[in-house]
Amino acid sequence: MDLGKRLEELDTRIGALETSVGATGDAALADVLEPAIRLANDTMCAYIEAAGEKAPPAQDADILETWKVLVKGDPTWNAIRDNCRELVFYRNCIVGGRADALPAAPARMAVRLVRHVYLYVRVRCAREGRVAG
Numbered sequence: 441m442d443l444g445k446r447l448e449e450l451d452t453r454i455g456a457l458e459t460s461v462g463a464t465g466d467a468a469l470a471d472v473l474e475p476a477i478r479l480a481n482d483t484m485c486a487y488i489e490a491a492g493e494k495a496p497p498a499q500d501a502d503i504l505e506t507w508k509v510l511v512k513g514d515p516t517w518n519a520i521r522d523n524c525r526e527l528v529f530y531r532n533c534i535v536g537g538r539a540d541a542l543p544a545a546p547a548r549m550a551v552r553l554v555r556h557v558y559l560y561v562r563v564r565c566a567r568e569g570r571v572a573g
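In my numbering, the protein residues as written are 441 to 573.
To be clear, the hints were calculated from the coordinates, so they are not data collected in a lab. Idealized CB from N, CA, C, for every residue including glycine. Accuracy of the hints is not assured; some may be wrong.
Claimed, not checked - Label pairs and their calculated CB-CB ranges:
1. Ala572 to Ala539: 40 to 50 Å
2. Arg538 to Gly492: 37 to 47 Å
3. Gly569 to Gly536: 39 to 49 Å
4. Gly462 to Arg521: 36 to 46 Å
5. Pro543 to Glu474: 14 to 24 Å
6. Phe529 to Gly569: 16 to 26 Å
7. Thr516 to Glu489: 10 to 20 Å
8. Pro496 to Asp540: 13 to 23 Å
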């Protein structure tokens with residue numbers, strides 16, 4: 441699948457997640473978080489594979505492992521570091537039973553974080569001429 445179509449498909453999937461969170465008010469973070477992490481990971485992998493300059497991470501790579509592939513040799517990818525780390529923090533809070541450490545409306549925040557990762561990658565692809573602007 442070409443990069444443009446892949447990004448459109450990711451945008452549709454993110455949109456569906458946004459709709460589900462919006463429709464249920466405050467959806468349970470546990471229902472939203474893993475799909476959000478997978479979408480952010482898939483978005484970064486789409487760029488890595490399209491650029492063809494670096495070996496893509498393993499299919500089951502964690503989001504931070506995927507981000508490390510991007511940032512190695514190109515510090516501009518630090519722009520999305522905190523988004524990726526925040527998603528991992530939410531996951532750690534759930535696993536550790538520390539829902540009290542989460543921000544208000546964490547499901548909505550998770551979806552916003554993945555949308556930011558997507559937009560950063562999409563704009564970068566357009567700027568580099570990999571997809572139509």
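Results for each hint:
1. Ala572 to Ala539: 40 to 50 Å: About 42 Å separates the Cβ atoms of Ala572 and Ala539, which means 40 to 50 Å holds.
2. Arg538 to Gly492: 37 to 47 Å: About 40 Å separates the Cβ atoms of Arg538 and Gly492, which means 37 to 47 Å holds.
3. Gly569 to Gly536: 39 to 49 Å: holds (44 Å)
4. Gly462 to Arg521: 36 to 46 Å: With Cβ atoms ~27 Å apart, the hint is violated.
5. Pro543 to Glu474: 14 to 24 Å: 18 Å Cβ-Cβ, so the 14 to 24 Å window holds.
6. Phe529 to Gly569: 16 to 26 Å: Check failed, 35 Å falls outside 16 to 26 Å.
7. Thr516 to Glu489: 10 to 20 Å: holds (18 Å)
8. Pro496 to Asp540: 13 to 23 Å: Between Pro496 and Asp540, where Cβ atoms are some 37 Å apart, the hint is violated.
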